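Asks: First to last, the sequence lines map onto chains E and U.
Under my numbering, think of the first position of the first sequence as 1, with each following residue one higher.
Under my numbering, think of the first position of the second sequence as 1, with each following residue one higher.
Simulated from the structure, these hints should not be mistaken for laboratory data.
Please note that the accuracy of each hint is not assured.
[Claimed, not checked] Once the Cα atoms are required to be at most 30 Å apart in a straight line, the calculated DSSO-like pairs of lysine-lysine come out as:
1) 162/U with 363/E
2) 3/U with 119/U
3) 363/E with 119/U
4) 215/U with 3/U
5) 67/U with 8/E
6) 82/E with 3/U
7) 270/U with 82/E
8) 12/E with 119/U
9) 8/E with 274/U
10) 119/U with 67/U
11) 63/U with 82/E
12) 364/E with 3/U
13) 82/E with 28/U
14) 275/E with 313/E
15) 77/E with 67/U
16) 82/E with 215/U
17) 177/U with 162/U
18) 25/U with 126/U
19) 313/E with 171/E
20) 275/E with 166/E
21) 177/U with 81/E
22) 363/E with 246/E
23) 177/U with 108/U
24) 215/U with 270/U
25) 215/U with 364/E
26) 270/U with 119/U
27) 3/U with 81/E
28) 8/E with 52/U
[Unchecked claim] For the chain E half of the interface with chain U, some residues (derived, Cβ under 8 Å), not all of them:
29) 1
30) 82
31) 318
These figures come from a predicted structure and were not determined experimentally.
The beta carbon of each residue, even a glycine, is placed where N, CA and C say it ideally should be.
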Amino acid sequence: MNNILSIKRLGKLIASDYGLYIRPHRNVLLSGFLFLPAFEILYFLFSGTSVSVGTRHQLIIGIAYFYVFLLPFSAYKGINKKQNGYYFTLLPASSLEKLISMIFWCSIIIPVAIVAGQEAIDAAVTFAIPHYNHGYAAARIYGSTSVLLLLPISVAAIFGNLLFRKSPVFKTIMLFGLIYFSITVSLGIYIVNHVSKNFDGNTYFKELTSGNNQAYEPASKSQMIYLDSLLKTTSDSSGKYDVTIKTTAGYGENGNGRGKNGNDVEIEITDSTGKIKSNIKIGRQGSVITGKTSGGNSYEKEERTVTMKMTEKQLEGFSEKFINNFKDKSGITACIGVCKAIIFFTKYILPLLMLILSYFLIKKRQIV
Amino acid sequence: MIKINNLSYSYTSRDVFNGLSVELKSGKIYGLLGENGVGKSTLLKLMSGILKNEGDAINMDGKNPWKRTPETMSELYYLPEDFTGPSNSIENVAYGFGKFYRNFSMDKLHDILKSFDLKPDSVFTKLSYGQQKKGMIAIALSLGTRYLFLDEPTNGLDIPSKVSFRQLVAGSLNEEKTIIISSHQVRDLDSLIDPVIIMDRNEIILNEEMGEIEKRLAFRLENRESAEALFSQQVINGFINVYPNGNGEITNIDTEVLFNMAIKKRETIKEIFKNE
């Protein structure tokens with residue numbers, strides 16, 4: 001007998017779980033479909049207008065979050081405690097199969113049913129009364145990342161229900177609130193430390209690909225070091241091309257204490273005859289001002305120029321590589337990278353961790 | 001066969017077992033008797049895989065129930081003393097469980113429910129505690145598992161149901177099955193259990209078949225307490241005095257008296273039954 005995963009046994013378990021855990025909550029789940037029409041009616045009665053398609057979409061997703069989060073606590077109530085826990089533990093299926101069945105119902109079928117059911121009701125109302133409801137909320141699903149959050153939310157609820165014996169809903173909310181609070185604080189500390197280490201305090205570089213002077217990023221020492229190191233590592237005295245990289249950074253203080261001046265980067269490549277092969281300018285050229293403004297702000301600029309010789313081969317893709325590397329060295333880019341890593345962690349790694357822990361909770365938990 | 005070898009278990013507040021060893025053979029209905037709190041339910045839960053036994057102390061046909069493999073779990077069923085009836089009918093619950101047990105019989109379930117005067121479509125949550133208990137007993141017996149552990153099954157049953165219970169359990173036994181019934185209501189299991197296991201704190205005082213007990217002890221109902229008896233207990237119409245059975249006399253074993261004797265005169269019992 002396969003004691004880890006048997007498709008036949010899994011099929012029986014899914015059917016059995018429906019009968020034992022999901023079906024008794026059928027009416028409560030179906031009642032979720034009444035929220036949207038009830039809300040629309042009340043909204044119309046009080047405001048005289050229909051609910052916008054964006055709001056309807058958000059309401060559908062919000063209702064789905066609510067039900068999907070609470071479902072495991074309700075359907076699989078007390079499976080880690082005595083009484084209900086005995087039935088669940090003693091059922092002759094493997095821990096993996098039990099977890100898969102839970103995920104099947106709580107993370108896939110029910111969320112899809114809730115969202116699809118509500119979208120269908122919305123579509124029916126929109127079709128029947130087009131002058132009342134404008135636009136189908138279902139159209140907003142495509143490309144919507146909020147729908148994808150249903151999966152980690154349900155996994156978190158499954159995990160919390162397995163982990164906590166008393167007050168599992170409250171404790172699960174507290175646990176994940178604590179996790180996200182810790183991540184946010186850690187990120188804040190990292191940003192402050194990293195930026196303070198690399199930010200020289202006086203030089204700002206604009207986001208290099210944007211002409212928008214609203215976005216300022218602090219220049220980092222590593223950018224300066226990178227520029228200087230280019231001269232040492234890239235320059236080839238036998239090369240017949242002169243590459244000049246000129247950066248102009250404007251800085252100063254305004255009423256908010258922030259540098260408000262622009263900056264630009266210019267990469268000029270000339271051949272041995274002085275003919276310009278390429279000239280790339282990034283940033284808002286000519287935006288750097290110096291001196292005092294009528295508003296009492298004072299600006300200065302700092303220019304750095306690096307000139308090196310390169311061969312034809314070295315030139316291939318150089319400009320693009322330089323720009324990317326230069327951007328990468330900035331504090332903001334690093335921080336954005338960390339933020340992206342954290343989002344990836346919470347969206348994919350954390351739910352996976354919770355699933356693994358849930359498996360071990362089913363397999364190794366004593367029912368006392 | 002179940003072999004328990006050097007079993008130790010403790011809750012955070014106290015030790016329950018420390019080096020307990022016992023062997024339980026197939027084809028028997030064991031009565032697991034003991035006072036409240038000695039660890040009867042804990043032992044059943046350990047044998048069911050609900051609690052962890054350290055170091056493979058429990059061996060059921062070569063398998064440790066703590067590993068909770070489907071193969072092992074499909075061979076055993078544990079009916080707890082305290083349970084919450086599911087929000088579903090007896091039949092549906094049985095059907096939901098029964099798919100995983102190869103010897104499950106819906107016909108047997110219906111027959112048992114008929115004996116208990118219960119309808120298969122009765123919803124658990126709408127039944128009294130005693131009726132829920134009967135429903136769960138019916139499911140437990142109809143699953144047809146090799147190992148069946150019943151924890152205080154007669155609690156909450158009325159007298160006719162206790163009679164039906166004894167008949168049904170006796171009727172479900174075969175050579176391959178091992179049934180263990182734990183109870184502190186000894187009278188409910190009269191003429192059902194054989195062998196008897198009497199537990200006290202962290203030890204098994206007595207683990208004997210009724211035939212062996214009959215050979216060694218004689219139970220006599222007399223008018224007065226006897227000074228020569230090993231143990232005496234007052235009953236409604238006199239005293240039951242327990243004597244060593246030197247002349248092969250056949251007497252009715254009073255399980256309750258035997259239990260009280262084992263608890264109060266454990267050294268005497270151990271002495272009598274030590275040469276196995």
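Asks: Each of the hints needs a verdict: does it hold here or not?
Replies: Hint check results:
no.: 1; hint: 162/U with 363/E; result: violated (36 Å)
no.: 2; hint: 3/U with 119/U; result: violated (39 Å)
no.: 3; hint: 363/E with 119/U; result: violated (35 Å)
no.: 4; hint: 215/U with 3/U; result: holds (26 Å)
no.: 5; hint: 67/U with 8/E; result: holds (21 Å)
no.: 6; hint: 82/E with 3/U; result: holds (25 Å)
no.: 7; hint: 270/U with 82/E; result: violated (35 Å)
no.: 8; hint: 12/E with 119/U; result: holds (25 Å)
no.: 9; hint: 8/E with 274/U; result: violated (51 Å)
no.: 10; hint: 119/U with 67/U; result: violated (36 Å)
no.: 11; hint: 63/U with 82/E; result: holds (24 Å)
no.: 12; hint: 364/E with 3/U; result: holds (22 Å)
no.: 13; hint: 82/E with 28/U; result: holds (28 Å)
no.: 14; hint: 275/E with 313/E; result: holds (18 Å)
no.: 15; hint: 77/E with 67/U; result: holds (24 Å)
no.: 16; hint: 82/E with 215/U; result: violated (42 Å)
no.: 17; hint: 177/U with 162/U; result: holds (21 Å)
no.: 18; hint: 25/U with 126/U; result: violated (39 Å)
no.: 19; hint: 313/E with 171/E; result: violated (61 Å)
no.: 20; hint: 275/E with 166/E; result: violated (78 Å)
no.: 21; hint: 177/U with 81/E; result: holds (29 Å)
no.: 22; hint: 363/E with 246/E; result: violated (63 Å)
no.: 23; hint: 177/U with 108/U; result: holds (16 Å)
no.: 24; hint: 215/U with 270/U; result: holds (15 Å)
no.: 25; hint: 215/U with 364/E; result: violated (46 Å)
no.: 26; hint: 270/U with 119/U; result: violated (47 Å)
no.: 27; hint: 3/U with 81/E; result: holds (27 Å)
no.: 28; hint: 8/E with 52/U; result: holds (28 Å)
no.: 29; hint: 1; result: holds (5 Å)
no.: 30; hint: 82; result: holds (7 Å)
no.: 31; hint: 318; result: violated (62 Å)
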